[in-house]
Structure formats: structure tokens, C-alpha cells
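> Could you put the whole structure together from the sequences, leaning on the hints where they help?
If you read the sequences in order, they're chains S and V.
Quick note: to get my numbering, add 74 to the position in the first sequence (first position is 1).
Quick note: to get my numbering, add 33 to the position in the second sequence (first position is 1).
Since the hints were derived computationally from the structure, they do not count as laboratory data.
Watch out, some of these pointers could steer you wrong.
To be verified - Derived DEER-like restraints, expressed as beta-carbon distance ranges:
{"#": "1", "chain 1": "V", "residue 1": "Arg-95", "chain 2": "S", "residue 2": "Met-117", "range": "29 to 35 Å"}
{"#": "2", "chain 1": "V", "residue 1": "Ile-121", "chain 2": "S", "residue 2": "Gly-96", "range": "20 to 26 Å"}
{"#": "3", "chain 1": "V", "residue 1": "Ala-181", "chain 2": "S", "residue 2": "Met-117", "range": "48 to 54 Å"}
{"#": "4", "chain 1": "S", "residue 1": "Met-117", "chain 2": "V", "residue 2": "Leu-157", "range": "32 to 38 Å"}
{"#": "5", "chain 1": "S", "residue 1": "Met-117", "chain 2": "V", "residue 2": "Ser-92", "range": "21 to 27 Å"}
{"#": "6", "chain 1": "S", "residue 1": "Val-115", "chain 2": "V", "residue 2": "Ala-163", "range": "24 to 30 Å"}
{"#": "7", "chain 1": "S", "residue 1": "Val-115", "chain 2": "V", "residue 2": "Leu-135", "range": "23 to 29 Å"}
Note that CB positions come from ideal geometry on N, CA and C, so glycine has one too.
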Amino acid sequence: MMSLPFLLFACGLGAAWLRQRGAAMGFWVAGLVVLLVLFRVHMSDVLNIAL
Amino acid sequence: MPGDLSRLLNALGLIAVDTVLALAFVDQLWFRDLPCPLCILQRAAFFAAGFGLALNLLSGPRPSHYGVTIVGAAVGAAISMRQILLHIVPGTGSYGNAIFGLHLYTWAFIAFVLMIVGCAILLLDDRQFARSEPWSNRLSVLPLTALAVFAALAVGNVISTILICGAGFCPEAPAGYLIFNENLRLTELAQAL
Numbered sequence: 075m076m077s078l079p080f081l082l083f084a085c086g087l088g089a090a091w092l093r094q095r096g097a098a099m100g101f102w103v104a105g106l107v108v109l110l111v112l113f114r115v116h117m118s119d120v121l122n123i124a125l
Numbered sequence: 034m035p036g037d038l039s040r041l042l043n044a045l046g047l048i049a050v051d052t053v054l055a056l057a058f059v060d061q062l063w064f065r066d067l068p069c070p071l072c073i074l075q076r077a078a079f080f081a082a083g084f085g086l087a088l089n090l091l092s093g094p095r096p097s098h099y100g101v102t103i104v105g106a107a108v109g110a111a112i113s114m115r116q117i118l119l120h121i122v123p124g125t126g127s128y129g130n131a132i133f134g135l136h137l138y139t140w141a142f143i144a145f146v147l148m149i150v151g152c153a154i155l156l157l158d159d160r161q162f163a164r165s166e167p168w169s170n171r172l173s174v175l176p177l178t179a180l181a182v183f184a185a186l187a188v189g190n191v192i193s194t195i196l197i198c199g200a201g202f203c204p205e206a207p208a209g210y211l212i213f214n215e216n217l218r219l220t221e222l223a224q225a226l
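Printed below as a string of C-alpha cells:
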């Protein structure tokens, strides 16, 4: 699951290499959305602060 | 700014991103400092930001490509700032090794801010976008090297993240390569080697 953004960006890079700019941008947007979702999941990790 | 200078600067920027990602791998493999979930997400954000520079090299400079880099760097800056704030209260400790007194997530935040500022400076010159002839498909050694290393690091991070986290979410403080622990119990063997 956590490797999905890397995989999508790698696919986007491959598409850009093949001059498929639209597909490359699509993969980038998908990777960014997954990245933000994963950030949302881990952003609310419990803080171990002793007050 | 002539188009060739723009391509050179983008190649140098992508090499800088490659260097950051390669150093993260050195820290992981040589110093055995496994990345936490937020650290992995910051690495992914470096790919999101570097993607725009790669597009500039492959398709020629466009404002939208710089936008890709700025958006990716802004997301990365938000993630690294979140991790800085996790440890900002005295007594809450820190994660990972410090380099020159700053932890990797602090360096990451500085790097993301520098990327945003760098893109803003590059966007100031419109002449790079006013090229009449099409961009050559042939890349010189520097951009080609930058792109090849960037692609190799992306594949390397896919493999590394699967090894650390398996197919699910990562543990908050990974103690070893999860896939070895769960399936093959090779962590001890890897440490012995």
C-alpha cells in the first residue's frame, strides 16, 4: 500500500518517456492523491507526550 | 533564459533530488536507519516534485511542469512540517539520525522550500517557453543520467517499501524488514551478513 505512490510515479515517468504526456500527468495526479490519503492516515498517529 | 540553459538547470535540479533520495537510501542501508511512515511519504513527495523537472527534460519546459514541482514540494513540506511538529515539544524525542544537528525531516522541509523558491525563480523568465522549434528527442548525458537515476530510485523505493511494510500500512517505528520477519525470517540472516 505504501509503495503505491512510488509505483504510480514510476509509471508516470515511463509514460513521459514514451511521450504520453497526458497519461504521465494522470499517473502523477493519481500518485499525489494516494500520497495525500496515506498522509491523512498517518497524520493522526497518536502522540506519546507526557504532560 | 534560453531553452538550453533551462534544460541544464532542470537537469541539475533533478540531480539534486536524486542525491537527496540516494542519501536516504545510504542512511537506510549503511546506517540501518529504517524510514518511518512519514519518512517514506516524504520520499514519495520528492518523486512527486521531481516529476515536474523530469517532464521539463522530456517534453520541454512548461509552466504546468513547474506547477507539478511546486505542488509536489508543497505536499512534501506539509508532511515534513507535520513530523517536525511531532517532535517539537521538549522531551518527545526524535526519529532517526541527525546530520549536522538537524534530523532528516528538517532537512527535507528545507529542501522542499528551496524547490518551491527555485521554481519561482525559474518561472520568472518567459523566454524558455517561447521556443519556436520543437524540442529534440535526443538528450545529452547530464539530463539522461538524471532521468535514469530518478527512474532507478523510484523502482528501488517500490522494492524497499514493500520489504519494510509488506502489502499494508507501515508500522509507526519499524524495527526490521517486515516481509522478512513475517514470511522468511531473514532479518537475522541479513544482520549477520
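> Each hint: holds or not?
Now the hints, each set against the structure:
1. Arg-95/V with Met-117/S: 29 to 35 Å: holds (32 Å)
2. Ile-121/V with Gly-96/S: 20 to 26 Å: Violated - the Cβ-Cβ distance for Ile-121/V and Gly-96/S, about 42 Å, lies outside 20 to 26 Å.
3. Ala-181/V with Met-117/S: 48 to 54 Å: violated (34 Å)
4. Met-117/S with Leu-157/V: 32 to 38 Å: Check passed, 34 Å falls within 32 to 38 Å.
5. Met-117/S with Ser-92/V: 21 to 27 Å: violated (33 Å)
6. Val-115/S with Ala-163/V: 24 to 30 Å: violated (44 Å)
7. Val-115/S with Leu-135/V: 23 to 29 Å: holds (26 Å)
Taken one by one, the earlier hints fail for this structure at numbers 2, 3, 5, 6, listed in ascending order.
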